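K.L.:
Chain by chain, the residues:
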Amino acid sequence: MSDPLLSLVTAAALITTGMFVFWPERGIYWQFERARQMTERVLREDALKHIQNCEVQGEQPSLKSLAGALNISTNQAADVISSLHSHELISIQGTEFHLTPDGRDYALRIIRAHRIYERYLAEETGFDEVEWHTRAHRHEHQLSPEDVERLAHRLGNPIHDPHGAPIPAADGSMAYYENCTELNQLPLDTLARIVHMKDEPEAIYAQLVAEGLHIGQEVRLVESSPQRLRFWAGGNEHVLAPILAANIAVIPITGEPNKTDESPGQPLTNLKPGEDVQMVAISPRIRGAERRRLMDLGLLPGTTIKVEMESAGGNPIAYRIRGAVIALRKSQAELISVCPEVDECHDLDMQLEEQR
Amino acid sequence: MTIQSSASAENIIQTAQSLRWEVGANFHEKLMESIYTDAARIAERAITRPGEKPRFDFDRTLDRIVTSRVWGFPIMVLLLMVVFWLTISGANVPSSMLAALFLDTIHPFLKNLAANIGMPWWLDGLLIDGMYLAMAWVISVMLPPMAIFFPLFTLLEDFGYLPRVAFNLDNMFRKAGAHGKQALSMTMGFGCNAAGVVATRIIDSPRERLIAIITNNFALCNGRWPTQILIATLFIGVLAPAHFAGLVSATAVVGIALLGILLTFLTSSFLSKTWLKGEVSTFSLELPPYRPPRIWQTIYTSVIDRTLIVLWRAVVFAIPAGAVIWLIANITITDTSIAEHLINFLNPFGLLLGLNGVILVAYIVAIPANEIVIPTVLMLTVLVTGATGVGEGAGVMFELESSTETLSLLQTGGWTLLTAVNLMLFSLLHNPCSTTIYTIYKETGSARWTLVAALAPVLMGFTVTFFVAQIWRLIEGLL
Amino acid sequence: MTTNVNVPSEACSTCPIHNAAALKKLGVDMANFDFVVALSGNPNTGKSTVFNALTGLRQHTGNWPGKTVTRAEGGFEYADHKFKLVDLPGTYSLLAASLDEEVARDFILFGQPDVTIVVVDATRLERNLNLVLQVLEITNRVVVALNMMDEARRHGIRIDVRRLARDLGAPVVPTVARQGEGVPELLQAISEVANGDTIGRPYHVKYDSPELQKAVTHLTAKVEAAFPDLPNARWVALRLLDGDERVAEALRKGELGDLTHGSLEQRAAQLQVVGNQ
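Heads up: the protein sequence lines correspond to chains A, B and C, in order.
Each residue of the first sequence is one higher than the last, beginning at 1 in the working numbering.
Each residue of the second sequence is one higher than the last, beginning at 1001 in the working numbering.
Each residue of the third sequence is one higher than the last, beginning at 2001 in the working numbering.
FYI, nobody ran anything at the bench for these hints, they're computed from the structure.
Certain hints may be false.
Claimed, not checked - Label pairs and their in silico Cβ distance ranges: (1) B:Lys1442 <-> A:Ser283: 34 to 40 Å; (2) C:Lys2214 <-> A:Glu149: 28 to 34 Å; (3) A:Trp30 <-> C:Pro2228: 47 to 53 Å; (4) B:Thr1334 <-> A:Thr10: 58 to 64 Å; (5) A:Glu237 <-> B:Lys1442: 19 to 25 Å; (6) A:Lys272 <-> B:Val1316: 34 to 40 Å; (7) B:Leu1417 <-> A:Gly274: 55 to 61 Å; (8) A:Arg34 <-> C:Pro2210: 56 to 62 Å; (9) C:Asp2080 <-> B:Pro1108: 56 to 62 Å; (10) A:Gln31 <-> B:Leu1078: 32 to 38 Å.
Said to hold, decoys possible - Here are some chain A residues the structure puts well away from chain C; computed CB gaps all over 12 Å: (11) Glu123; (12) Ala152; (13) Leu271; (14) Arg291; (15) Gly298; (16) Ile326.
Keep in mind it's a predicted model, so treat the numbers as computed, not measured.
The beta carbon of each residue, even a glycine, is placed where N, CA and C say it ideally should be.
Just chain A, with the same shape it has in the complex (with noise of 0.2 Å):
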């Protein structure tokens, strides 16, 4: 019989071992995997994106952008250029550099298979909003086209990424929304949708939902000066500076204002056992699979919620809603907004009508 010590130790350092290389996600192992996917191929592609982005832009990609924005140093840049060039993705001019047709092609399919994942990634995965750009990022350079279209179909051919960029069709058109705007070109007091917020750069992404912004949302732009914009959205006050409101997209819009858009309402979770509520809107940080749950049973602007019952354990809470009794977790009612009384939530239409 060997010496129990002896084995202990060494099976708790093959266990450390182990679970340090292989851990998922985190582990050596995977991310050595990673870094062998980062192959030349995927420098080229992702430099023809970003010389796709300037040109979108109207700016002049250069070496040190393109190191930039890759995260290599000039060197390398230079050497993805040259072999960018010698594939004849792209001219170059003296310092200037610009894509061929099919470095143009090139790179809208790339473009295409990144937000139709990120698409696939918001509707039919578990991840969360964060992750969506790295994963689609390492997930653009390995889908094949084929794969990137059966995505598409069963995504029901979107045409937007879940943060409304367009999706470049298959034959590489790209379709946009007519007369749009960038928020701080708005007329004041004109009624618009936002219709895309950049997810780059992503520190600006981050303050733009802390805001509590999303696309789909109705703004009214109230104030507009070169230091800051002051505008209605979600029935709160939102001030930004024009640099951020420059990375929202809105189209205006005629009509009545949606009463769903313009009142606040309070949280599910501020009602009391016996109050009966009418829902408002369900929050797009509910989204796929989840949200068409709730809307199939019945949770739609308008519905009438009641507070039926806590379980034993206390978190999830059984409402009334349309007939049946539905249990919704704590983390879901406070995002279902609802409006406490049908007369109050005319009070609040007119109130927020002062304000204006």
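Assemble the complex: chain A is given as a structure, and chains B and C must be docked to it using the hints.
P.N.:
Positioned in the frame of chain A, the structure of chains B and C alone reads:
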């Protein structure tokens, strides 16, 4: 279909695609809203006296009680204990009756018959000692508890109580990243893991359902209870004074079951944060109104649907296992049976885990059904120790009437208290039986998740028994 | 193949509407059956109980949403006709958001059942009508089984069945499938719709949001112009606007054309083609 109309179809689809920019992102939601608005209007017109309440609202009163903070959990524990008690005490008598019929009456009768018609010994052994005995064992151990447990469970389900259990327990399961309904598939797993895996169908969220499927094996199924009880009685019960023996061994068995529940939560939590992070997770739980259960129909359907189907699958898998057990005990290579070769080969590894080669071989050949582990262990122990006067020959599974005889046989086989404790742990933590593995594959449709569900517990079993054995020996050495 | 190839068109008022070839593709063998009946409904509305009440089979029915995972089939005879009953997965909606919904939708759309029963929980009428309205968008051969009437009575809910039937434009039969109550009437209603004695005038949802109006009207007009026989052009237009690839595919392949419960001559011609293949 003409070329022209297909061209116009293409044209329409193109138009639709471009119009989609106009209708906006929340088109889908608006569609649903329109449908619901109309549904609500039509319903309102049709319902003439909605919700006029009866004087005494039975449902609501009952709900208040079974979900109350004070009474919710005690009622649940009490009901489940009643169900288990009825199962265990009710199954004893028919189980021993079936065993007496199949093992003590039909088996000798078949042997005689075979001898009379002059069947060659190997065919007789393979068919009657191998296949028939495995089948008989599975049926007599498995059928009675399942025939009691499933109808009782189904009655609670039909009445509408089980959704309330899920409602009450969801808070605990939520913290482990699982769904409250997993409480029910887990409870079902105490009856039979294969049935528990099927029961996860009630969980409609993909991530939580996979968690429930993969962790169901940690619910100690009825094929493993007898092993636990026997070993606990033989080795742990005897440590205590005689009048406490029963209590001590029962505590040990319940402790193993609770360890299984603890591992269910830990594994659920691990899975939901790592491999299953990307699976869609939703939560919805509808509490249907209570309905008076239809007792006879419930018994009929649950016996037909659940008990017999599961039993049939178990028998189908057990018969070849019986053949294999008989064959490895009887085919010899260089004068030693295959079984002994295997045991000798696995013995060092078994000892490292605080088990032994016999136990490992028994678990390998008994993948199809946990019910035959103990009979196989006894038969193999006789085979390797060469003990005389017990058992009925190579490859014939048996159990002993007297517990002292069993104990002395096992002690001859080198068993210690450590072996017993680790066998109990390993009986909880090893791969699911082949019926369950097959069911997991059918339910998930994925070879990958089936592999995870099959291998994860056995790896955990190796780890746990290894550490227990080594620490045990370390302490023993110090004393 | 269908046995009705040579049936003269004037006799067709009672002939089955379904397309045996399409059904075969969906895995339903129609040999020895006259009509195919699809059974749909929200989860936990007693759909399986209705199935058992009609066929006499004893499938386990639990007090849980979403019990039926595999598709069950059964048969029954009524008034000298043999009916095949296909139990579809329980769904809240037919917008093809999940596999279950897709299976149910495809069966009703492409399997072209002679009758589609929608089982409705009388105590949750409002939520259940959602599915009824969606089925009525696809087909007019619908019978609504208003199940769990005993529960509704127990909760003091009274339902004006005649008004409901008139509003929906489809026969509505109150039942308590567990006790067998209303099953003869349900059989009668199924038989009448199958034989064409009852012709539904289904209610169509009003999608009156102003932003949608323009796009929907425009596209519906285009669909109608290209496929004048299509009875549910607006529904097709809505599905296309929602990006439903299956419907787009069917439109391209002309499979939707098959679905028009069009003129008898057309149907006879179609059957002829099927028979010749």
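K.L.:
Give a verdict on every hint.
P.N.:
Hint by hint, here is what the structure shows:
| no. | hint | verdict |
| --- | --- | --- |
| 1 | B:Lys1442 <-> A:Ser283: 34 to 40 Å | holds (38 Å) |
| 2 | C:Lys2214 <-> A:Glu149: 28 to 34 Å | holds (30 Å) |
| 3 | A:Trp30 <-> C:Pro2228: 47 to 53 Å | violated (58 Å) |
| 4 | B:Thr1334 <-> A:Thr10: 58 to 64 Å | violated (34 Å) |
| 5 | A:Glu237 <-> B:Lys1442: 19 to 25 Å | violated (56 Å) |
| 6 | A:Lys272 <-> B:Val1316: 34 to 40 Å | violated (57 Å) |
| 7 | B:Leu1417 <-> A:Gly274: 55 to 61 Å | holds (59 Å) |
| 8 | A:Arg34 <-> C:Pro2210: 56 to 62 Å | violated (49 Å) |
| 9 | C:Asp2080 <-> B:Pro1108: 56 to 62 Å | holds (58 Å) |
| 10 | A:Gln31 <-> B:Leu1078: 32 to 38 Å | violated (51 Å) |
| 11 | Glu123 | violated (9 Å) |
| 12 | Ala152 | violated (8 Å) |
| 13 | Leu271 | holds (20 Å) |
| 14 | Arg291 | violated (10 Å) |
| 15 | Gly298 | violated (5 Å) |
| 16 | Ile326 | violated (10 Å) |
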